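2 protein chains.
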Amino acid sequence: MDSAAQLAEIVRAVTNEAWDDVRAHIDGIDDAAVANVLEATPPRVRGELWLLLDVRRAAGVLHRLNEAARAEFVETMDAGQLAALADELDTDDLAFVLRRLPDAMTEALMEAMSAADRARVEAVLPYPEDTAGGIMNTDAVAVRPWHSIELVLRYLRRRQTLPDGTDNLFVVNAEGGYVGALPLARLLTADPSSAARDVMDTQVEAVPVSMGDALVARRFAEQDWVSAPVIDDAGALVGRITVDDVVDVIIEDADEALLAQAGLETDEETFTPVLISARRRAVWLGVNLITAFLAAAVINLFEETIAEVIALAVLMPIVASMGGIAGTQTLTLVIRGMALGQIASANLGWFLNRELLVAALNGLLWATLVALGAAVAFQDALLGCVIAAAMAINILVAAVSGSLLPSLLSALGIDPAIAGGVVLTTVTDVAGFFTFLGLATLAYG
Amino acid sequence: MDSAAQLAEIVRAVTNEAWDDVRAHIDGIDDAAVANVLEATPPRVRGELWLLLDVRRAAGVLHRLNEAARAEFVETMDAGQLAALADELDTDDLAFVLRRLPDAMTEALMEAMSAADRARVEAVLPYPEDTAGGIMNTDAVAVRPWHSIELVLRYLRRRQTLPDGTDNLFVVNAEGGYVGALPLARLLTADPSSAARDVMDTQVEAVPVSMGDALVARRFAEQDWVSAPVIDDAGALVGRITVDDVVDVIIEDADEALLAQAGLETDEETFTPVLISARRRAVWLGVNLITAFLAAAVINLFEETIAEVIALAVLMPIVASMGGIAGTQTLTLVIRGMALGQIASANLGWFLNRELLVAALNGLLWATLVALGAAVAFQDALLGCVIAAAMAINILVAAVSGSLLPSLLSALGIDPAIAGGVVLTTVTDVAGFFTFLGLATLAYG
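The listed protein sequences correspond, in order, to chains A and B.
Everything in the first sequence is counted per the working numbering, starting at 1 for the first residue and increasing by one.
Everything in the second sequence is counted per the working numbering, starting at 446 for the first residue and increasing by one.
There could be a bad hint or two in this list.
To be verified - With the Cβ distance kept under 7 Å, some of the chain A side facing chain B (calculated, not the full set):
hint, residue
1, Leu7
2, Thr15
3, Ala18
4, Gly177
5, Val179
6, Ala262
7, Ile290
8, Leu294
9, Leu301
10, Thr305
11, Ala307
12, Val309
13, Thr368
Said to hold, decoys possible - Some residues of chain B that are not near chain A, with every Cβ distance over 10 Å (derived):
hint, residue
14, Asp678
15, Ala681
16, Ala723
17, Thr773
Just so you know, these hints were derived from the structure itself, not from any lab.
Given the structure is predicted, the values throughout are model-derived calculations rather than measurements.
Heads up, the beta-carbon is just placed ideally off N, CA and C, and yes, glycines get one too.
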């Protein structure tokens, strides 16, 4: 049964309050599917579904939920319940939970946890969430360079299990310093009498514990890593990052980029409570309203001209919106290029050059077509000339603003992914209205 | 040296035509970094840099480039050069290259390739690129259920190497049917006298060869897989997918989503040639122009009213743009929700309900504030009432359109991620202008 059908079944059972059916459905699907269902239902319903999960299930589902939903459920649990969960959670998920609890709860939970859980989470809590230290696990299996492969194999057989997603053991020297990685694949194919130092891979670069998570993700993607060792400033092995955590980072960052453009916050999910959602969106609407007022103020300067040539009121949104559309394309390319490390001050000049050429070509084309259309529709050749000039100018302005705004905003400490679109459309609206109505005032004045 | 600094160094050396320096820089950075540099330079420069790479380097770099750049370089090579590369490329990258060559070239290359390369690429060519079959490799290592662990270990030691990213061997029965996965971690910790069938993991579900790549990526992300077996309709093992390919799919899909909103095509890169870029953007500008004309036509209906109350021309963009902003937020959430499988017809009603509530709250708030502002600025209480009503209505219209458009567009076979924004702003612009100017005509008429 595909997920849309599953969802429909569960929704139907919930609406009919057939809780036995609901329980049966939930038991029949895996943790990831349950997480999906929880995210796809409004808070009231979701709360009921959560109560149907036992502790073990709850842990598996909790770590798969998006941030907002996770925080929501964590808030409903007491220290004892959380401590029971703690054992089932990976270190980074446990740290995530702890960071979001009110202080009193955090202390209570730390006390209720087992010593082992407490030790492993304390190893990562000092590091910010969006760094290598914040997404690593402390369960790396380490051996010494002088250990023979046969010794390592015997050790592993005694262990009976390896941590999830272990594709490398790590080789550390007597001081705990990281020296190389020992892939399981090599363990299986190497001569058992050779030493770890002869078999290990020294090319695998270690990730500094302070590296930003987006950069870590990029290294994983570029180098096709499955796991990577994490070292502190002294070069000592402190943990490992596995590709599944990196995949989560990539997905979350992509989500964030998509939402940011629309002014939605990163923990806005499908069913964020109405009041919280309304309040956040009110802020965004407010900011955009200010920019709309700026544009209105510009139009206001030319009231007389509009009164004289009413056709201007009909055509002015066309000029403004074309600039906004063209500028947004440039802006999107620049923001993406900067995120990929492909656009920096070194080649911004080349890029701007290219955007101006593209804008000139398009400006010429559309200015001409729109001018003809306007001149014919309003039987006014002068109007055609005015709108042609305004459109061409505005498309060029859009290319320049789109290219330069991100650097400018970054320099001011503002995230271009969030603010870029708003500022750009303000610029193109103001420039568009000003140019069009200004030229009209000169032409008809 | 970080990548921005590297890029700056190489750009400087290229501008000074200090080709020895350029070569030295390129030799000093890894394949992924070279790929980044190539993507960050205009076509002319990039072509010169490409010529500095030997065959082995070229293969490593080629597979790391984005689609557009890859296609560009492939076109510059002859069959002999491509055949030399073929040996170094993974099966899915080789298939990618073959698919994009002109037919004559494809035949020439197939003949020039080694028999082994030809066999492995022919195994995957039948499958569409955006399916499991299109991203899989055919180098899965398989064993029989009755083989003892000791036998498997001896076999691996004789092999001397395992394919990259192997974390599982796969267990197939005498007919070639997939029965389970044998994680390397288990191989190392299991009792050597046990049989593969006793140690293997039968919970790992196999991926059908026809499954879409986005869905494959989602399964990998949900289940934290590192590799997955691929089976055909008969249940026979035909290949395996590794997480690094899935990471590439996720990154490409995220890129596509970001670009689609701005009307940019998926293979638009930072330095797409000017003419190609201009032509594509011309199409997008043209489409948006049509929608702008629709809005202009609506304004045109009310020329007389605007002539009477010029303040309308000043305020009307505010009403339209607020609707567009609010509607875009709803639209973004719906498109994301649908992609995640969290919004389907089953819960769309709940979602619409929630969006209407949020819209009502915000509509009330901003309609009131804007009304007061307008009434004071223009000393006209009636104007305030008109704009209040129009804004409130338009924000509600935005919530409804944003919620329902994606399903409507999908049903018509149109991709909501591309067309959704354009259609939505058309609706909110037309509705905004019509409501505002229409109410004004009634009020002042």
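Quick rundown of the hints versus the structure:
no.: 1; hint: Leu7; verdict: holds (5 Å)
no.: 2; hint: Thr15; verdict: violated (10 Å)
no.: 3; hint: Ala18; verdict: violated (15 Å)
no.: 4; hint: Gly177; verdict: violated (23 Å)
no.: 5; hint: Val179; verdict: violated (20 Å)
no.: 6; hint: Ala262; verdict: holds (4 Å)
no.: 7; hint: Ile290; verdict: violated (11 Å)
no.: 8; hint: Leu294; verdict: violated (10 Å)
no.: 9; hint: Leu301; verdict: violated (10 Å)
no.: 10; hint: Thr305; verdict: violated (10 Å)
no.: 11; hint: Ala307; verdict: holds (5 Å)
no.: 12; hint: Val309; verdict: violated (10 Å)
no.: 13; hint: Thr368; verdict: violated (12 Å)
no.: 14; hint: Asp678; verdict: holds (18 Å)
no.: 15; hint: Ala681; verdict: holds (24 Å)
no.: 16; hint: Ala723; verdict: violated (4 Å)
no.: 17; hint: Thr773; verdict: violated (5 Å)
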